[in-house]
Amino acid sequence: MLTALLIFIPLAASVVVLATKPFLAKFISFSVSLAVLAVSLVTAFQFDKTQGTQFALNLPWVTSLGINFSVGIDGISLLLVLLTTVLMPGIILSSFRDTSKPSSFYSLMLLMQSAMIGVFVSLDGFLFYIFWEVALIPIYFICLGWGGENRGRITLKFFIYTLTGSLFMLVALIYLYFKTPGQHTFAIQALYDAGHLLSSTQQALVFVALFLAFAIKMPIFPFHTWQPDTYTVAPVEGTMLLSAIMLKMGIYGVIRWLIPMVPLAVKTWGGVALSLSVIGIVYASCIAIVQKDFKRLIAYSSIAHVGLISAGLMTLTVVGMQGAMIQMVSHGIVVFGLFYVVEIISDRAKTRDLSQLGGIRNVAPLLATVFMVIMLGSVALPITSGFVGEFLLINSLVQYKLWIGVIAATTMILGAVYMFRTYQKVMSGETNGVTALVNDLSHYERLVLFPVVILIVLIGIYPGPLLDISEAAVKNLLSIYPDLTAVVK
Amino acid sequence: MIFLIPILPLLGFLFIALSGKRLVKGFAALIGCTSVFVSFCFSITLFVKLLYGAAPMEATLFRWISAGSFSSSISFLIDPLSSLMLLIITGIGFLIHVYSVGYMHDDAAFNRFFSYLNLFVFFMLLLVMGSNYLLMFVGWEGVGLCSYLLIGFWFKNQDYNDAANKAFIMNRVGDLGLIVGVILIFTHFGSIDYKTVFSAASNISQGEWWVTLVTTLLFIGAMGKSAQIPLYTWLPDAMAGPTPVSALIHAATMVTAGVYMVARNNILYSLSPVAMELVLVTGLVTALFAATIALTQNDIKKVLAYSTVSQLGLMFVALGVGAYASGIFHMATHAFFKALLFLGAGSVIHALHGQQDIRSMGGLKKYISVTYVTFLIGVLAISGIPPFAGFFSKDEILANAFQQSPVAWGIAVLASLLTVFYMFRLLFLTFFGKERAGEEAMHHIHESPKSMTVPLIILAVLSTVGGFMGLPELFGGGNWISNFLSPVFASSKELRVEHHLSHVTEYALMGTIVAFTLAIIVFAYSRYVSKAHVPAAEGAELSTLHKTLYRKYYVDEIYDTVIVKPLFWLSKLFDIVIEKSGIDRLVNLIHESLNDWSATFRRLQNGYLGYYIFVMVMGVILVIAFSYTR
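Sequence lines, in order, name chains A and B. Here our numbering = 1-based position in the first sequence + 437. Here our numbering = 1-based position in the second sequence + 272.
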């Protein structure tokens, strides 16, 4: 029941908001997002971390085709649902400018939330696909309607690119569906069973199709070229939705719909996925170093961070997957904060060009401090949230293969290079004509950014409760890889 | 009580940082100093307990990061090694806090300075108190952050920010080695707790290749933090920070973290003769290399910075020959006299309103006599004049090096003698001879306030008598520090072959060095005082050797050409060639070719109703025909 509420409250609200007066739209959306947050917190408190899937709901939908409205929450889902519901009020609050057509804008945001939560809780292949595609529609319109220069061309590319990926996924799911015995069904367990019975070649094909969809969504090198443009051109709320939550759909897809689905292929071809991810870490970090646009730089840093997450996943170890889980949470919070800071600065200085900024610390010390803490989370300094995940991920990769682990770990150095240089260019030095007008954080902005800062530090110091949530689910999921999860000696 | 030691400075940081400008300067200083002082008192209590035979203490706060078989907790270990470190950190930390009250008095960001300083003490305490590798790593990176914040303290100056970035990034290179080493320790031991690892290590046979790998990786971390070749160039630049920072972080405490870490892992290092050799050679080369650069520098703080690099090298020499206690001993005395020298330099700079170039000093001794006398004591101590602190600790290292290899001894002695020369050069050019500071500056010259001179005096006393804690047998001492630390190094001691020098040899070595030292002082005196030689002005023609030393062997330029620029080229290559003209181009090409295809197919949709009906009917016929054929 709680699961259904999490999906349907924002969905219903999105219809309501569309019909309300513009000036009420933001207020209603914010209240709804808080309500959903409350529901998710109730869910979290009732959640038994020792058990598997809970709060399950299974309603027949298209019985003739074996499609059910089947949802449920285990530890992996719960963390991502929480990430979504915690960030959503923040994202709505951060849209401080006068948005044109607020009714449609917030309606789309709520629709987006509903679909993303749906993705994280679906236990039916077809339902998963529906939510997956539904999530794409609002973000497309958000980018198209409220984006910056060249948005038409860029968002179309984004749309087609991700849609192409999804089609591969649909084909794979339907293929598996037809392999289910007896009355065909899209139930996740049946699909797993069907997947396990496939020959290694068949598994490899399914692997490729699913991986493409997920790799494009995250995105993983070399399927990432839609991302920097889209992140840069999207309105800040869109960028936040895309980077803080939506890309986790791709990672979640790998965890839930790829790794347990075709174990033979994952063991054979996971190394390729892992290598691409690791290449992406170094590649995107390097490109980030030479970016001149603040927002674009953060976009590339996101590719690097996601690369580390997916590489860790592919080690198929509890350490790696737990690292991926906590890092998804941390990355969501950190990247949300970073993009917000970018927006605040570019809104006031009227530019995102790093060479024109500088000396903001003199005029806006609080903003500079907040940015510093978020940045430390991004470069994974210990006792920030970023360290917990990054350490576990690098740990899993070093145990996988030492030299691969070392290459992946260069993110520690490269991350420091591009972030600290950015801090220097934006915050330090003498204030100039462009940045003199940047005033410090308003009360309103503090309301959004202080929780971000607190969460970053709090998770860094005491990550135990979050790690505990997903540990059982991760172990359960990896139990089909018994030889790999044993302690590496 | 154990928890309170690190937590108090943390609370101090939080309080000062969160209050911001609302806090009166005096109050911020009070909180900053008190929190460290109380920690110091607690540290003494723990130290006394251990002194009277208490067993090492452990205390666990909570489980920190755990996943699968990996687990780590926030827990502290107080044993002789960490308790000694605690005394140095909180004791000298407190003195430098007090000194800063005077030194930073007129700075607008006074409160910010104290908050950073407290944060630093917190992280440094974590580093030495942590009972597992990961917690040490927290402190390790945390002090790096504070170092970054304090080097770039005056953030309007982009040169300082460059120095800060350089320090952080170069340290991260070392940290990468360290963290991978820690992970490999977990891989092989299944734990990252010191206790578990060290007790399991005693079952490992000497010379296992992976032990060498682990210890080498850990040592890369030490190279970064303790500024050893090749990761040392950040430390001289770090002098951009306020002088108390140079004293506390970049001389007395943080940069010795690498020494602490290697000493802590003595059992692992003793298992790997190759790693020991690496530590020894790195230490020797760094000690000599940095000392030669220090000969020609004209910035009072730069001379001291290179001297620090050189002295750290000497400590690694001690570790490299397995004389762990001697390394720690020298670290302690070095903390006294190098903090003293930096604070003395700060007092000079303060007196001359920011002047740091020794060519524009001279003849200061009668104007700032307290600073002069204390600085002199520091110079005597670092030069190894008996009975000042540096004499005993340095002598112990040299004696140990001699046992291992006379060549190592020779290099270390050479580095020490160079130290004598550049330190007395510094002393004479600053305090003796003609007054070159200009009338305006000499008019305003004044001795520093009590808050600065009292710490100087205390440190001078420590630099004078500090060596007696390691008074060797030779002089009837019991070498207290070595005995105190012996439990920490007990298991690695079994792996070493002990040599003992005869007393005659020991006297002979000592006598030779002291004789040379005195000769060098006389030489320096005649050159810089009697003949009143002043280093060449900027831009003057220098001999090739002199110029090479003055330009620090061009190492910064080499790094820039070999590493920094290529990294940027590579990044540009990725961005412009592979990203934009490669991958993205390909993606767009697919898109365009699809466009061409759809342009072809679009002709099918020509908008003529009749055509559509025709196609539809044909379709229906085909479907029907198809179903009949089945």
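Since the hints were derived computationally from the structure, they do not count as laboratory data. Hints are supplied without guarantee of correctness; some may be wrong.
[Unchecked claim] Keeping only pairs whose Cα atoms sit at most 20 Å apart, straight-line, the calculated EDC-like set for lysine to aspartate or glutamate is: (1) A:K594 / B:E810; (2) B:K428 / A:D905; (3) B:K852 / A:E867; (4) A:K729 / B:D379; (5) B:K844 / A:D666; (6) B:K722 / B:E707; (7) B:K844 / A:D790; (8) B:K844 / A:D877; (9) A:K729 / B:D868; (10) A:K729 / B:D856; (11) A:K594 / B:D434; (12) B:K293 / A:D790; (13) A:K594 / B:E864; (14) A:K912 / A:D485; (15) B:K428 / A:D877; (16) B:K852 / A:D877; (17) B:K293 / B:D431; (18) B:K852 / A:E586.
Computed from a predicted structure; not experimentally measured.
Okay, the hints, checked on the actual structure:
1. A hinted pair counts as satisfied when its Cα atoms are at most 20 Å apart, and K594 of chain A with E810 of chain B does not qualify at roughly 59 Å.
2. Distance restraint check for K428 of chain B and D905 of chain A: the Cα-Cα separation of roughly 45 Å exceeds the 20 Å cut-off, and the hinted pair is therefore not satisfied.
3. For a cut-off of 20 Å, the pair hint linking K852 of chain B to E867 of chain A is broken: about 34 Å separates their Cα positions.
4. As the CA atoms of K729 of chain A and D379 of chain B are separated by approximately 34 Å, the hinted pair breaks the 20 Å bound.
5. Distance check on the hinted pair: K844 of chain B and D666 of chain A sit about 18 Å apart at the alpha-carbon level, within 20 Å; holds.
6. Distance restraint check for K722 of chain B and E707 of chain B: the Cα-Cα separation of roughly 25 Å exceeds the 20 Å cut-off, and the hinted pair is therefore not satisfied.
7. Proximity of K844 of chain B to D790 of chain A is assessed by CA-CA distance (about 17 Å); at most 20 Å being required, the pair is judged to hold.
8. Proposed proximity of K844 of chain B and D877 of chain A is contradicted: the alpha carbons are some 34 Å apart, above 20 Å.
9. Taken as a hint, the K729 of chain A and D868 of chain B pair is broken in the structure, with Cα atoms around 35 Å apart against an allowance of 20 Å.
10. This hinted pair checks out: K729 of chain A and D856 of chain B have alpha carbons roughly 19 Å apart, not beyond 20 Å.
11. The suggested pairing of K594 of chain A with D434 of chain B is violated, with an alpha-carbon distance near 40 Å, which exceeds 20 Å.
12. Between K293 of chain B and D790 of chain A, the direct Cα distance comes to roughly 31 Å. Violation of the 20 Å bound is thereby established for this hinted pair.
13. For the given pair, K594 of chain A sits about 11 Å from E864 of chain B by alpha-carbon distance, which is consistent with the 20 Å threshold.
14. Between K912 of chain A and D485 of chain A the CA atoms are separated by roughly 15 Å; this keeps the pair inside 20 Å, and the hint holds.
15. For the hint linking K428 of chain B to D877 of chain A, the alpha-carbon distance of about 18 Å falls within 20 Å, and the restraint holds.
16. Between K852 of chain B and D877 of chain A the CA atoms are separated by roughly 37 Å; this puts the pair beyond 20 Å, and the hint is violated.
17. Using a Cα cut-off of 20 Å, the hinted pair K293 of chain B and D431 of chain B is violated, with the two alpha carbons roughly 26 Å apart.
18. For the suggested pair K852 of chain B and E586 of chain A, the alpha carbons sit about 19 Å apart, so the restraint of at most 20 Å is met.
The structure fails to meet hints 1, 2, 3, 4, 6, 8, 9, 11, 12, 16 and 17 from the earlier list, while all remaining hints are met.
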